[in-house]
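Chemist: Here's the letter readout for the chains.
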Amino acid sequence: MAEINIDAKFLQCPGPIVQLFNAVKSVQSGDVIIVEATDRGFYKDVQAWCRKTGNELLSLEDGDVIVAKVKKA
Amino acid sequence: MGNKKTIIVFSGDLDRAMAAFIIATGAAAMGDDVTMFFTFWGLNILRKAKKVQVKKDFLERMFGAMMPRGPEKLGLSRMNFGGLGAKMMRYIMKKKNVNTLTELMENARALGVKIIACTMSMDVMGIRKEELIDGIDFAGVATYLGEADEANVNLFI
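Residue numbers (our numbering), protein chains in the order written: chain A, 1 to 73; chain B, 1 to 157.
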């Protein structure tokens, strides 16, 4: 199970979601992607994205930098 | 998983065009098929920045010269102030690291967003295929309606 880090800091909407989408496309099922973003909307967006795409949101930290861990379904 | 979204882009305003492409890109990043149908003023968003030599009559030439050529030339729907407002908006957006409309369009297309230009409004406005960006489709209202029938969201911008 690989772990991939995505730096989406300072990207505005919809940048972080696009980065996450492209990353998930390029990895195997079960791999984990960690996204760091500063776009305030990403906190809610990543939850909606996971619900819609069926990938699992393992953890989500709020703060100046929002950190989301997503496991590919 | 994936649904379909259709967006009609009627407006040729910078702010509205950006909203349209942000939604299209976001939907594509959520795994949806997206089709954008460009009609009337929206066609200007698809124009190449450089003038293309094509045969036109007098009125068509006038029309073509008065309308903005591509995403870098569009004005704002509000507070445009003869283009000054749009300049300021572009400056602020650059400062705040927002993608330019050109970049948004590239991103959208890289994610597979389909672009269709309305042939009827192209004819009315005297815009030829050669003047629009490459890799797009040309069709009419039936094509759009066929796509909209399969979509669960349809926007008119």
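Please keep in mind that the hints were generated in silico from the structure rather than gathered at the bench. Only a predicted model underlies this, so the values are computations on that prediction, with no experimental measurement involved. Incorrect hints may have been included.
Said to hold, decoys possible - Not the full set, but computed from the structure, chain A residues with beta-carbon under 8 Å of chain B:
(1) 6
(2) 10
(3) 14
(4) 50
(5) 52
Note that the Cβ used here is the ideal one computed from N, Cα and C, for glycine as well.
Chemist: Determine for every hint whether it applies to the structure shown.
Modeler: Right, here's what the structure says about each hint:
1. 6: 13 Å, violated
2. 10: OK, holds: residue 10 of chain A within 8 Å of chain B, min 5 Å.
3. 14: 4 Å, holds
4. 50: 10 Å, violated
5. 52: 5 Å, holds
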